[in-house]
Amino acid sequence: MPTYKLTCFNVRGRAELIRLLFAAGEIPYEDVRIEWDKWPELKPISDTPMGQIPTLEVDGQVICQSMAIARFVAGKAGLLGKTNMDQARADMLLDGGMDVGKLFTEMVMEKDASKKAEKKKEFGEKHLPPFLALYEGFAGDNGHFVGDSLTWSDIGFFNMMDFITAEYPGALDGYCKLNKVIDNVKSNPGVAKWLKERPVTNH
Amino acid sequence: MPAYKLTYFNGRGSAEIVRLAFAAGGIEYEDVRLERDQWPDLKPNTPMGQVPILEVDGTMLCQSNSIARYVAKQAGLAGKTPLEQARVDMIMDGMEEMGRKGYAAYFEKNEDIKAERTKEYEETFLPQFFTFLNKLVGDSGHFVGNELTLADITFFNMATLVGTWMKLPDVDEFSGLKKVMEHVTSNPGLAKWLKERPETPF
Numbered sequence: 000m001p002t003y004k005l006t007c008f009n010v011r012g013r014a015e016l017i018r019l020l021f022a023a024g025e026i027p028y029e030d031v032r033i034e035w036d037k038w039p040e041l042k043p044i045s046d047t048p049m050g051q052i053p054t055l056e057v058d059g060q061v062i063c064q065s066m067a068i069a070r071f072v073a074g075k076a077g078l079l080g081k082t083n084m085d086q087a088r089a090d091m092l093l094d095g096g097m098d099v100g101k102l103f104t105e106m107v108m109e110k111d112a113s114k115k116a117e118k119k120k121e122f123g124e125k126h127l128p129p130f131l132a133l134y135e136g137f138a139g140d141n142g143h144f145v146g147d148s149l150t151w152s153d154i155g156f157f158n159m160m161d162f163i164t165a166e167y168p169g170a171l172d173g174y175c176k177l178n179k180v181i182d183n184v185k186s187n188p189g190v191a192k193w194l195k196e197r198p199v200t201n202h
Numbered sequence: 000m001p002a003y004k005l006t007y008f009n010g011r012g013s014a015e016i017v018r019l020a021f022a023a024g025g026i027e028y029e030d031v032r033l034e035r036d037q038w039p040d041l042k043p044n045t046p047m048g049q050v051p052i053l054e055v056d057g058t059m060l061c062q063s064n065s066i067a068r069y070v071a072k073q074a075g076l077a078g079k080t081p082l083e084q085a086r087v088d089m090i091m092d093g094m095e096e097m098g099r100k101g102y103a104a105y106f107e108k109n110e111d112i113k114a115e116r117t118k119e120y121e122e123t124f125l126p127q128f129f130t131f132l133n134k135l136v137g138d139s140g141h142f143v144g145n146e147l148t149l150a151d152i153t154f155f156n157m158a159t160l161v162g163t164w165m166k167l168p169d170v171d172e173f174s175g176l177k178k179v180m181e182h183v184t185s186n187p188g189l190a191k192w193l194k195e196r197p198e199t200p201f
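Top line first, the protein sequences correspond to chains A and B. Under numbering that gives the first Met the number 0, the first residue of the first sequence carries the number 0, and numbering increases by one thereafter. Under numbering that gives the first Met the number 0, the first residue of the second sequence carries the number 0, and numbering increases by one thereafter.
For the record, the hints were derived by calculation from the structure and aren't laboratory data. Only a predicted model underlies this, so the values are computations on that prediction, with no experimental measurement involved. Zero decoy hints are in this set.
Derived contacts from chain B toward chain A, CB cut-off under 10 angstroms, selection only: (1) C61; (2) S65; (3) K72; (4) Q73; (5) R86; (6) D88; (7) M89; (8) D92; (9) G93.
With a straight-line Cα cutoff of 30 angstroms, these simulated DSSO-like cross-link-like pairs (lysine-lysine) come out: (10) B:K113 x A:K119; (11) A:K195 x A:K37; (12) A:K4 x A:K37; (13) A:K75 x B:K134; (14) A:K119 x A:K179; (15) A:K37 x B:K118.
Not close to chain A: a few residues of chain B, all C-beta gaps over 10 angstroms, as computed: (16) G12; (17) Y102; (18) E110; (19) N145.
Cβ coordinates follow ideal geometry from the N, Cα and C atoms, glycine included.
Can you make the complete structure from the sequences, with help from the hints?
Written as structure tokens, this is what we have:
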């Protein structure tokens with residue numbers, strides 16, 4: 000049984016998809032959380048391939064880049080998709096989600112209050128609705144984006160909407176298939192347990 | 000043998016990594032290059048209103064890196080084990096960041112911000128990033144394992160692209176990266192494509 004050690008800041012952020020995938024796969028791992036103010040002193044001596052976290056240590060080897068790590072853990076959890084084509088479709092849907100997620104993050108991190116309000120309005124009116132309409136089309140009647148079972152693209156969508164609905168509470172109203180995806184993810188036993196137990200953080 | 004049809008504009012851009020993967024894998028595909036006036040009609044028929052798209056026996060894929068990863072798997076260039084595949088992904092994602100930062104500097108309209116970003120990118124970010132990347136190259140002269148993977152090809156492609164915008168560190172000073180470039184340009188399929196590919200402004 001390999002040992003897994005995930006190192007990230009003490010936030011959900013870029014590591015949360017990874018943690019959700021470990022949970023869904025019921026794979027034990029060490030969830031190391033670094034406080035922001037400790038990172039500058041750790042960074043020069045840390046064993047990171049590109050000077051960044053999150054990193055995943057697997058039996059002595061270190062991987063960085065959150066989506067690369069997430070894809071690896073999804074594989075271990077059997078959640079990548081059954082065929083190469085299914086896997087490519089899952090990748091594609093996650094990439095599309097990240098394009099929108101990036102805009103959302105820019106809005107959340109905006110320090111100037113009036114600029115932030117403007118960005119929030121723009122995201123909520125211009126970017127979010129077409130994204131949700133598009134992804135409602137991608138989702139199957141069974142509440143899965145790819146094939147007929149849970150994949151990491153379902154979990155990735157859930158995770159992203161977890162952040163987004165905190166700022167736009169009613170965003171998913173009326174999207175039947177997307178709500179089914181969310182329900183499917185939340186009712187996965189490993190995920191349900193993690194959602195109940197995970198540390199509460201602002202990001 | 001499935002039929003592969005790649006559609007993009009007439010340029011290298013974000014489709015080139017897919018073309019390079021097909022070339023390295025010796026896999027035939029239809030390389031469709033759109034004229035600008037063809038795009039408005041095609042756009043609503045694509046999964047996310049973007050190109051490149053890859054059609055495989057009727058299924059459509061979009062998102063260039065997802066397509067590239069799919070083609071790499073078909074071509075045996077994706078890494079042999081899950082951990083190798085994760086290393087390939089990690090390099091690809093790192094190169095994507097390098098590209099994004101370079102793009103944000105080069106295409107910035109405000110001259111002062113552009114100058115600032117370019118200075119930071121060329122004098123701080125790139126030397127540090129090349130140093131990290133160089134350490135990731137194995138004794139084999141490949142980023143992952145002992146054979147060519149999409150990671151090597153992505154380094155070549157992204158470094159070449161960014162090199163048209165920005166001053167890159169001298170690859171000759173990074174012995175690992177130099178070997179990667181040599182492996183890529185001497186791969187028979189890639190060498191042939193690099194010689195024959197259309198000359199385009201982007």
